[in-house]
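K.L.:
Below, each chain spelled out in residue letters.
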Amino acid sequence: MTAIQVENLTKRFNGFVAVDNISFSINSSEIFGLLGPNGAGKSTTMAMLSTMLKPTSGSASVNNFDILKNEDDVRKSIGIVFQDPSLDEELTAYENMDFHGRLYRVPKKIRQKNIIELLKLVELEKRKDNLVKTFSGGMRRRLEIARGLLHEPRVLFLDEPTLGLDSQTRNLLWEYIEKLSKEKGITIILTTHYMEEADRLCDRVAIIDQGKIIALDTPEKLKEGIGGDVITIKSPDCDRLYSKINTLPWVTYAEPHNGSVTISLQNAEKHVAEIVNLASGDGIAIDSISIHEPTLEDVFLHFTGRAIRDEKSSSKDHIRMMRSVRRR
Amino acid sequence: MDIVYTIWLRNMTRYLRSKSRIVGSLGMPLFFLVVLGFGLNSTVSIPGMGQGYIGFIIPGIISMSVLFTSVFSGIQIIWDKQFGFLKETLVAPVSRLEIMLGQTFGGATSAVLQGLIILVLSLFIGLKITSVSGFLIAFAFMLLIGLSFTAFGIAIASRMEDMQGFQLIINFVIFPIFGLSGALFPIDRLPSWMKVLTLLDPLTYGVEGIRYGLSGTSQIHPVFSFAVLTGFTVFIVVMGAYLFRKINV
Ligand SMILES: Nc1ncnc2c1ncn2[C@@H]1O[C@H](COP(=O)(O)OP(=O)(O)OP(=O)(O)O)[C@@H](O)[C@H]1O
Ligand SMILES: [Mg+2]
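Keeping their order, the protein sequence lines are chains A and B. So for the first sequence, our numbering puts the first residue at 1; every next one is plus one. So for the second sequence, our numbering puts the first residue at 329; every next one is plus one.
Chain A extracted, bound-state conformation (with noise of 0.2 Å):
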């Protein structure tokens, strides 16, 4: 079964592309991941998928409804967690979910008991009485997570789900969508630029840069797709190591960006040892060296010669996510 169907969806605004030409379907029960840099066109995707936006052209259906001619029902039988806040602070937590409830003409003894349950299901039911300027950011996304669910929608749309909350917060936001995913069935579409988020939740991922898919696959074959290991090598003098590195015969893909070199390889363990002294023989200075298993990032750096985010936001992420790899 088909949740969602995309046939060359392109969305123009005053001629700058944000999304282009795209296409792919999503199967029922599925957690697919929009996975992009900054400015990709991802919430504007699910803008014109949640009929939010008109495309410049091309088709889609979602829960087998046309987002152009049934608009309504499409609305009906999706539910969105916006990129941006978009709760009443004014109001209690119940209070909100009572107002998308009767917006969405939910009976009111369905209502009264979804409310409950899924105020449970996201832990602020001993909160439900609190008004929601008291919230930390954490608990505001599961509300607006629980309140997208109210009305038993067969498709849930999670913009950046987990966008800037902390790493603890992320995991049990990521556990609550595994659950959703596991007991309830539906089907989940979210974007995301942090890999390890889309690496862990999603069945499948689409890769997504300047308005382009540039890679579809689950995250494994992608990352099978580049192929054996990958070592990241921190220099001064990249350019130069870059030109030495990427003329050896077992070296399948290098890529300089932002003070690194990223080089895919087989048995990357045998080989570290041979580039040390190549570098040092030319007086190429190496800051660090790190062998791993590649990554979603690397991925992305294969197919677009970027690295998903700069340097300097990454960074401290980039650690954090080496690690749980290699924890692995």
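Possibly wrong hints are sitting among the right ones.
Unchecked claim - Covered, in the sense of this in silico footprint (three residues per stretch, anywhere, with C-beta under 8 Å from a C-beta of chain B), are these stretches of chain A:
#1 86-93
#2 99-113
Unchecked claim - Below, simulated DSBU-like cross-link-like pairs (lysine-lysine); rule was C-alpha separation at most 35 Å, straight line:
#3 Lys-182/A with Lys-221/A
#4 Lys-212/A with Lys-574/B
#5 Lys-113/A with Lys-126/A
#6 Lys-126/A with Lys-347/B
#7 Lys-182/A with Lys-128/A
#8 Lys-347/B with Lys-133/A
#9 Lys-347/B with Lys-113/A
#10 Lys-347/B with Lys-128/A
#11 Lys-244/A with Lys-234/A
#12 Lys-128/A with Lys-113/A
#13 Lys-76/A with Lys-54/A
#14 Lys-184/A with Lys-108/A
#15 Lys-182/A with Lys-120/A
#16 Lys-244/A with Lys-223/A
#17 Lys-113/A with Lys-133/A
#18 Lys-109/A with Lys-347/B
#19 Lys-179/A with Lys-108/A
#20 Lys-184/A with Lys-128/A
#21 Lys-108/A with Lys-126/A
#22 Lys-270/A with Lys-221/A
#23 Lys-113/A with Lys-184/A
#24 Lys-347/B with Lys-120/A
#25 Lys-69/A with Lys-108/A
#26 Lys-54/A with Lys-574/B
#27 Lys-108/A with Lys-574/B
#28 Lys-69/A with Lys-109/A
#29 Lys-179/A with Lys-54/A
#30 Lys-574/B with Lys-133/A
#31 Lys-76/A with Lys-182/A
#32 Lys-108/A with Lys-347/B
#33 Lys-69/A with Lys-574/B
#34 Lys-76/A with Lys-120/A
#35 Lys-574/B with Lys-76/A
#36 Lys-126/A with Lys-182/A
#37 Lys-54/A with Lys-212/A
Honestly, the hints are just simulated from the structure, not real lab data. Note that CB positions come from ideal geometry on N, CA and C, so glycine has one too.
Knowing the structure of chain A, use the given hints to seat chain B with the ligands on it.
P.N.:
Just chain B with the ligands now, with coordinates in the frame of chain A:
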């Protein structure tokens, strides 16, 4: 109707919860009432009005309270836009007309409540309500002012991106509407150019209608006032609904 009620309910919940705003927005009308009322009561006498100057401006101050509360309630939509809540409402399977009407009724209700608070407080400084029908007439006009100016606020908010233009609207639109309405002075002895402006101001008919209801006399026939204000309300609600339909989030 259930959706209109839902939006109305949210507005009421927020209104009743914001005690400080309820009290705060009574400040200016009460200030006008007390300072102008008592300040000018002994020097200004208005022919044909039995209750002195205070009695004359009470309907004007009630109108003022309804006017400001309703415009603010309409403009509230910009906050909903900025805090993101509007998206949640707009993505639901409901029509924008229902949302707009709910907002209009919600704003009008809180505006009328504010007007009633002023009315009740006025009882302590000399207002006498002589008949139920008079009160109901005043109430009907308060409701019309509330509905039309909430819709007016929504119309403005639908075209505004953020709160930048807010002060401008208050100073150059809302204050003139209040000032020219005959809330504070009788309109029949104005210079003719000013009288024209006064008669073009929809609030004038609201003030006159409330004045008729509360004191039994007015300078414009209440039926005519009612017809004009009803026409204005219908026009501005339709316009507000039209502009709200095109709002972008
Ligand atoms: N209403 C709009 N008018 C003009 N340009 C827009 C509009 N909305 C989005 N864009 C542009 O379209 C591109 C894609 O934006 P979009 O919000 O879909 O990106 P995104 O992938 O969600 O990024 P982020 O990770 O930052 O949320 C961006 O370059 C953005 O500037
Ligand atoms: Mg986005």
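K.L.:
Give a verdict on every hint.
P.N.:
Taking the hints in turn, this is what the structure says about them:
1. By the rule of at least three residues with a Cβ nearer than 8 Å to a Cβ of chain B, the coverage given for the segment 86-93 of chain A holds, with 6 such residues.
2. Remark: the segment 99-113 of chain A is confirmed as covered by chain B, as 6 of its residues place a Cβ nearer than 8 Å to a Cβ of that chain, reaching the required three.
3. Pair hint Lys-182/A plus Lys-221/A holds up; C-alpha atoms about 22 Å apart against a cutoff of 35 Å.
4. Using a Cα cut-off of 35 Å, the hinted pair Lys-212/A and Lys-574/B holds, with the two alpha carbons roughly 29 Å apart.
5. For a cut-off of 35 Å, the pair hint linking Lys-113/A to Lys-126/A stands: about 15 Å separates their Cα positions.
6. Between the alpha carbons of Lys-126/A and Lys-347/B the distance comes to roughly 25 Å, so the proposed pair stays at or under 35 Å and holds.
7. With a C-alpha separation of about 25 Å, the suggested pair Lys-182/A and Lys-128/A falls inside the 35 Å cut-off, and the hint holds.
8. Our distance criterion of 35 Å between C-alpha atoms is met by Lys-347/B and Lys-133/A, whose separation comes to about 17 Å.
9. Annotation: proposed proximity of Lys-347/B to Lys-113/A holds, straight-line Cα distance about 31 Å (limit 35 Å).
10. At most 35 Å may separate the alpha-carbon atoms for a hinted pair to count; Lys-347/B and Lys-128/A meet this at roughly 22 Å.
11. Restraint check for Lys-244/A and Lys-234/A: satisfied, since their Cα atoms lie roughly 14 Å apart, inside the 35 Å limit.
12. For the given pair, Lys-128/A sits about 13 Å from Lys-113/A by alpha-carbon distance, which is consistent with the 35 Å threshold.
13. For the proposed pair Lys-76/A and Lys-54/A, the alpha carbon gap of about 18 Å is at most 35 Å, so the pair holds.
14. With a C-alpha separation of about 21 Å, the suggested pair Lys-184/A and Lys-108/A falls inside the 35 Å cut-off, and the hint holds.
15. For the suggested pair Lys-182/A and Lys-120/A, the alpha carbons sit about 17 Å apart, so the restraint of at most 35 Å is met.
16. Restraint check for Lys-244/A and Lys-223/A: the C-alpha separation of about 25 Å stays at or below 35 Å, so the hint holds.
17. For a cut-off of 35 Å, the pair hint linking Lys-113/A to Lys-133/A stands: about 24 Å separates their Cα positions.
18. Of the supplied pair hints, the one linking Lys-109/A and Lys-347/B holds, its CA atoms being roughly 32 Å apart against a limit of 35 Å.
19. Between the alpha carbons of Lys-179/A and Lys-108/A the distance comes to roughly 26 Å, so the proposed pair stays at or under 35 Å and holds.
20. Restraint check for Lys-184/A and Lys-128/A: the C-alpha separation of about 23 Å stays at or below 35 Å, so the hint holds.
21. Straight-line distance between C-alpha atoms of Lys-108/A and Lys-126/A comes to about 21 Å, which keeps the hinted pair within the 35 Å bound.
22. With a C-alpha separation of about 24 Å, the suggested pairing of Lys-270/A with Lys-221/A holds against the 35 Å cut-off.
23. As the CA atoms of Lys-113/A and Lys-184/A are separated by approximately 16 Å, the hinted pair is consistent with the 35 Å bound.
24. A hinted pair counts as satisfied when its Cα atoms are at most 35 Å apart, and Lys-347/B with Lys-120/A qualifies at roughly 31 Å.
25. The suggested pairing of Lys-69/A with Lys-108/A holds, with an alpha-carbon distance near 30 Å, which does not exceed 35 Å.
26. About 13 Å separates the Cα atoms of Lys-54/A and Lys-574/B, which keeps this hinted pair within 35 Å; it holds.
27. About 32 Å separates the Cα atoms of Lys-108/A and Lys-574/B, which keeps this hinted pair within 35 Å; it holds.
28. For the hint pairing Lys-69/A with Lys-109/A, the CA-to-CA distance comes to about 32 Å; that is within 35 Å, so the pair holds.
29. Taken as a hint, the Lys-179/A and Lys-54/A pair is honoured in the structure, with Cα atoms around 33 Å apart against an allowance of 35 Å.
30. At roughly 30 Å between alpha-carbon atoms, Lys-574/B and Lys-133/A fall within 35 Å of each other, so this suggested pair holds.
31. Restraint check for Lys-76/A and Lys-182/A: satisfied, since their Cα atoms lie roughly 22 Å apart, inside the 35 Å limit.
32. Note on Lys-108/A and Lys-347/B: the hinted pairing holds, with a Cα-Cα distance of about 29 Å set against a maximum of 35 Å.
33. Restraint check for Lys-69/A and Lys-574/B: satisfied, since their Cα atoms lie roughly 19 Å apart, inside the 35 Å limit.
34. At most 35 Å may separate the alpha-carbon atoms for a hinted pair to count; Lys-76/A and Lys-120/A meet this at roughly 24 Å.
35. Between Lys-574/B and Lys-76/A the alpha-carbon distance is near 21 Å, which keeps this suggested pair within the 35 Å criterion.
36. With a C-alpha separation of about 25 Å, the suggested pairing of Lys-126/A with Lys-182/A holds against the 35 Å cut-off.
37. A distance of roughly 18 Å separates the Cα atoms of Lys-54/A and Lys-212/A; the hinted pair therefore holds under the 35 Å criterion.
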